[in-house]
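Peer 1: One letter stands for each residue in the lines below.
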Amino acid sequence: MSQPAAATHCPYCALQCAQTLHTSDEGTVTAAGRDFPTNKGGMCQKGWTSPTLLRATDRLTTPLLHGQPVSWDTALSFVATRLAALRQAHGPESVAVFGGGGLTNEKAYALGKFARTVLATPNIDYNGRFCMASAAAGANRTLGLDRGLPFPLADLGGAQAVLLLGSNLAETMPPAVQHLAGVRAAGGLIVVDPRRSATADLTTEERGLHVQPVPGTDLALLLGIAHIVLAEGFADLAYLDERTTGLDDIRRSLALWWPERTEQVTGVPVASLRRAAFLLANASPSRGGSGAYILTGRGVEQSTQGTDTVTAAITLALLLGLPGRVGSGYGAITGQGNGQGGREHGQKADQLPGYRSIEDDAARAHVAGVWGVDPADLPRTGMPAIELLRSLGTPGGPRALLVHGSNVLVSAPDADRVRERLAALDLLVVCDFFPSETAVLADVVLPVTQWAEEEGTMTSLEGRVIRRRKALPPPPGVRSELEILADLALRLGSTVRFDTSPSVVFDELARASAGGRADYSGLSHARLDAEPDLFWPVPAGPTPHPGTPRMFLDRFPTPDGRARLVPVDHRGPSDDLRRDAPLFLVTGRVLAHYQSGAQTRRVPELVRSSPAPYVEIHPLLADRLGIAESDLVQLDTGRGRGVVRARLTDAVRADTVFLPFHWSGTSSANRLTTDATDPISGMPEFKVCAVDVQRWEGPVEVLEDESLLFAGEVVR
Amino acid sequence: MSSGREIRVVVVGHGMVGARFVDDLHQRDPGGRFRTTVLGDEEYEPYNRVLLSEVVAGKLDVASITLPRNAHRSASEVLPGTRAVTVDRSSGLVHDQAGGKHPYDILVLATGARARIPDLFGRRDDDSLPAGVHALRTLDDAREIVAATVNAHRAVVVGGGVLGLEVACGLAHRGVPVTVVHGGAHLMDRQLDGPAAAVTTARLTSLGIAVRVGARTEEAVVSDGRVTGVRLEGGEVLPADLLVLTAGTYPEVGLAQRAGLDVARGIVVGTDLASPADARVFAIGDCAEPPEGGSGLIAQGWDQARRLATLLTEPSAARDDVPLPTVGTDVVKVKGVGLDVVAMGVCGAGSVSEGRRVRLSDPEGGRHIEVVVADGRVIGATCVGAGPVAADLVAAYTRGTPIPADPAQLLMRPVAGTAVPAASPTLMPDRAVVCRCNGVTKGDIVGCWRHGARSVEDVAAATRATTGCGGCEDAVCGIVDWLRRSDPDQPAPATATTSDAREPTPATTA
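Chains as they are written, first to last, in the numbering used here: chain X, 1 to 716; chain R, 1 to 510.
Hints were generated in silico from the structure; no laboratory data involved. Hints may be right or wrong, so weigh each one.
As the list claims (entries may be wrong) - Simulated pairs of lysine to any residue, SDA-like, Cα-Cα distance not exceeding 25 Å:
#1 K59(R) to T61(X)
#2 K59(R) to D248(X)
#3 K40(X) to A526(X)
#4 K40(X) to F234(X)
#5 K59(R) to R287(X)
#6 K470(X) to Q450(X)
#7 K40(X) to D141(R)
#8 K470(X) to E483(X)
#9 K40(X) to D533(X)
#10 K59(R) to D141(R)
#11 K40(X) to V433(R)
#12 K59(R) to V568(X)
#13 K40(X) to D458(R)
#14 K40(X) to V456(R)
#15 K101(R) to D119(R)
#16 K59(R) to V433(R)
#17 K59(R) to F234(X)
#18 K101(R) to F121(R)
#19 K59(R) to E483(X)
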């Protein structure tokens, strides 16, 4: 019998394209784009093909214990017994939790609550540390608050200039490109990327400017542009006087970044720097323009100076008088589906629900009150993701890890080291719907629901809280993480209540967030069903709060209401070029795949579009190295060796190679990347490291048989 | 931290290098072992000397070249307007002009350089110059030149090096007629060879700047204490009411000399930046003469500041060795409105080192590029009018990245890649991706035409092309039009093979 259509959103990225899932009489689900302000009815190939995920042949439908199917009772009883024993022997900190930016708000909230109350461990962090941590740290210390886009995405439509740094949204969230039509028509799209990406191609034919800096120098580039803005008198002095603090220190710090020096560091000609500055200035409201935006993405944030780079981007925006003005602003383009909500509700090592600090006594008291526990029993700040992963199975480090919605073995940097650490654990439990590379290593795998099988909420890249709706029941044997956490809490003897209904959990989340920076207390599933246009904060009150589509219009949420201009300086990449690794390796995404590929590599249409990993090499470099199209090449970094097929293209700089990161095995990008982190945000430097590139002279079987790769290492 | 274990560092000189060293040192010293005292000769806060020519050009105001405040005030004291007079090395004391004594464990000399004043003014009892004559080394110099430009009718710049050209361009930018007088055979002879300099001269001329090379200045013509011109060897007088002296600099070595340290042109130091005469005394920046020679460029001084801070803070066991000078700190780029000259590494006529030279000589096009390569790397380059090529060469030179098998490829940027011929569906290969968002190829669209799709909407419904970002709508529309023209509603495949006389038909595809 035919099911009613479900109005939900795509399972992948933070754009959360609205989609309608139709179930046929035969039970086959199809997806169609649904009109919504963000995607305007559009979807990319990933969205259209998403129902294929529901038919994947290797869907997990039964718990696995050491690889063997077992009953839920057996699996959960094993987990609970082992957790209890480890806690008993080594203390609560011996259990750690690793969450994900794809979990619904309800699941992220429940997971944080479970870790802090039932497990009483400080050690919970999540893959959002790989995604939004630098943007969050940068925005918090300057604007006083982090909401990816503090304005509706559709506002971009009226802009005269948009500076897009390290974002390839034409591939990562294609329907978002519709919002750039206006700025492209105005010739004001500025794309900063060392690669001529699909997004950089949007600037051709007089539609803007592609700036192609040396990898790892985005911060210097921003400082150089900001220098020009000040020197040319483009700064909005009235705004700076009224709404910011710290101009004198910024002026001084920018005195060090004159254009000619910036050119030498970034490889970007002075003329391009000046053109970028002029485009932005002419679009700025203080100079009569119709509006300008500065947007950052992972390309500039996944860096050991990511927080400083975001800070510099915000500084530039403040100098031009953009944030807090309708039609202008600064924003970070969130990556993961619930990258925004995931970081607000308590799976980050230093946060409690409502974007509260876990070190703030008032916040602890409030949340503990909602949870019915003693505030003194709440743990303090735990280790950020990379530190957490490095410490697994080490003396004094966690001995058990629960993984939810993350495939760390492919998505974390220096992946071979991650594999070592996971192997050193006493207990690895993975909740997933597919046997991901990480799940395959687990002692216990618990099969869970995916997007079309569950109710919940997500918070999209623009801070809009949206509803995920159920289109069909989960396969028999599959449970929701809310049920699993509630069950484990009981088995571990906790008296803390864990509801299993998403709408009830949401109501509790709303109460816990009340008064916090990300205040959801005026929201409920019922209200969101009626009003799809609500942006947080939405505090509860006697009359319904209309939500906050645009932030900072009157003041910044800092003690004095002013934004902070924070001076920063460029240091360069942690793993810089050296004699035996004279090229830059940069990593990124392709349109057909998402993150570690655990979902998209199971969709035949997507595999057909992008079947295998490859490395992009400039023809001049390939010529020098004797590499032809489709040859196998070996990439050696300080972490290890990868082998991958060459794709020759002049879209990359001749001193740089590009490797997409969606695959495991011999060609896995993150076996090569460095796990050096930003000192403030703890975000790893995925985006740049030093590499040596050679033609692979070994057997082609290396692509399937990794042992050949290690044998080659030994021979060398 | 007990004061007894504190290491007292006295820094003489609070310019760009001295200030940077203090910052680098304290950044590397979170434990607070070091305490610095900085003696600054000038009354001002440190400023960016590199940008003085931009102040002269009117592109920056004085306020915007002040350097960042000392961020380590608890561990560091700055004494502006304090001139170091003598160093008593046996007791480890620096004496200042006011009688103050500054004890040190480590002494860092960052005294910089002073302008060389050519011998044009006869006997002078003090440092004073006639009215209208200015060197350009300090903030005061820049201020005075800016003030003088208001009434100047005719300027002469003596010395056609980097600074001279920057000043000349700046004055021209302000509308002051200007002549550059240079004693050498050609402009910028430290960096450029004859042909490169010739292109540079032509460019300056087109900017309205007169250039006299091989012209020795004999004396300034002064009337009532005010300059009215400059006399060249041979007697010709160039009239000028503003004379700017950019004839090079001398390292400021007086204090070191009086302290009995080794001094050649600059204060002699080893790779470790220490004086061979006294391991407690270091020199960095323009005043220093390291084994590789002083370049007078800020990048070298900053590199020395960083290396010295590393040497002092990291125990030798933690280091491989004394950190060596960073390659690539000798890039020179002229900051002149309308002038595009960059030189680095092996360059100029004087250099007769190893390496293969590849040159693009295009004097009529205002362009001259020379690249010197060795061992698969760029070891030097000269770029005049090279545009973005210069930025690429700097990146390759400073980072030592591998170069193309044929180094001539370095002389040009390749023309932009060929676009997918979307305008011509005929030429487009079947596998060309038309809709990137949904991975739809031309072949897919042709295939769905053969299955009855007749409009963009039909194609969208069948393939989902145009339903992502919408950017391919024109291209899909073009292909549908082409299909309509070349395959006018004849659904039977058998008839399609007869159309060879027209455009290639879709029958061969799909």
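Peer 1: Now tell me if each hint is right for this structure.
Peer 2: Verification of the supplied hints:
Between K59(R) and T61(X), the direct Cα distance comes to roughly 69 Å. Violation of the 25 Å bound is thereby established for this hinted pair. Between K59(R) and D248(X) the CA atoms are separated by roughly 19 Å; this keeps the pair inside 25 Å, and the hint holds. With a C-alpha separation of about 24 Å, the suggested pairing of K40(X) with A526(X) holds against the 25 Å cut-off. A threshold of 25 Å between alpha carbons decides the hint, and for K40(X) with F234(X) the separation of about 35 Å lies outside it, so the pair is violated.
This hinted pair checks out: K59(R) and R287(X) have alpha carbons roughly 19 Å apart, not beyond 25 Å. Only pairs whose Cα atoms come within 25 Å are accepted, and K470(X) paired with Q450(X) is accepted, the gap being roughly 10 Å. With a C-alpha separation of about 61 Å, the suggested pair K40(X) and D141(R) falls outside the 25 Å cut-off, and the hint is violated. For the hint pairing K470(X) with E483(X), the CA-to-CA distance comes to about 16 Å; that is within 25 Å, so the pair holds.
Restraint check: the Cα-Cα separation between K40(X) and D533(X) comes to about 14 Å, which is no more than 25 Å; the hinted pair holds. Of the pairs offered as hints, the one joining K59(R) and D141(R) holds, with about 16 Å between alpha carbons and a cut-off of 25 Å not exceeded. Taking the CA atoms of K40(X) and V433(R), the gap is about 23 Å. The hint holds against a cut of 25 Å. Distance hint between K59(R) and V568(X) is fulfilled; the C-alpha atoms sit about 24 Å from each other, no more than 25 Å.
Under the criterion of a C-alpha separation no larger than 25 Å, the hint pairing K40(X) with D458(R) is consistent with the structure, at around 19 Å. Our distance criterion of 25 Å between C-alpha atoms is met by K40(X) and V456(R), whose separation comes to about 18 Å. Among the hinted pairs, K101(R) with D119(R) is inconsistent with the structure: their alpha-carbon atoms are about 37 Å apart, more than 25 Å. For a cut-off of 25 Å, the pair hint linking K59(R) to V433(R) is broken: about 48 Å separates their Cα positions.
The hinted pair formed by K59(R) and F234(X) meets the criterion: a straight-line CA distance of about 13 Å does not exceed 25 Å. Taking the CA atoms of K101(R) and F121(R), the gap is about 38 Å. The hint is violated against a cut of 25 Å. Of the pairs offered as hints, the one joining K59(R) and E483(X) is violated, with about 66 Å between alpha carbons and a cut-off of 25 Å exceeded.
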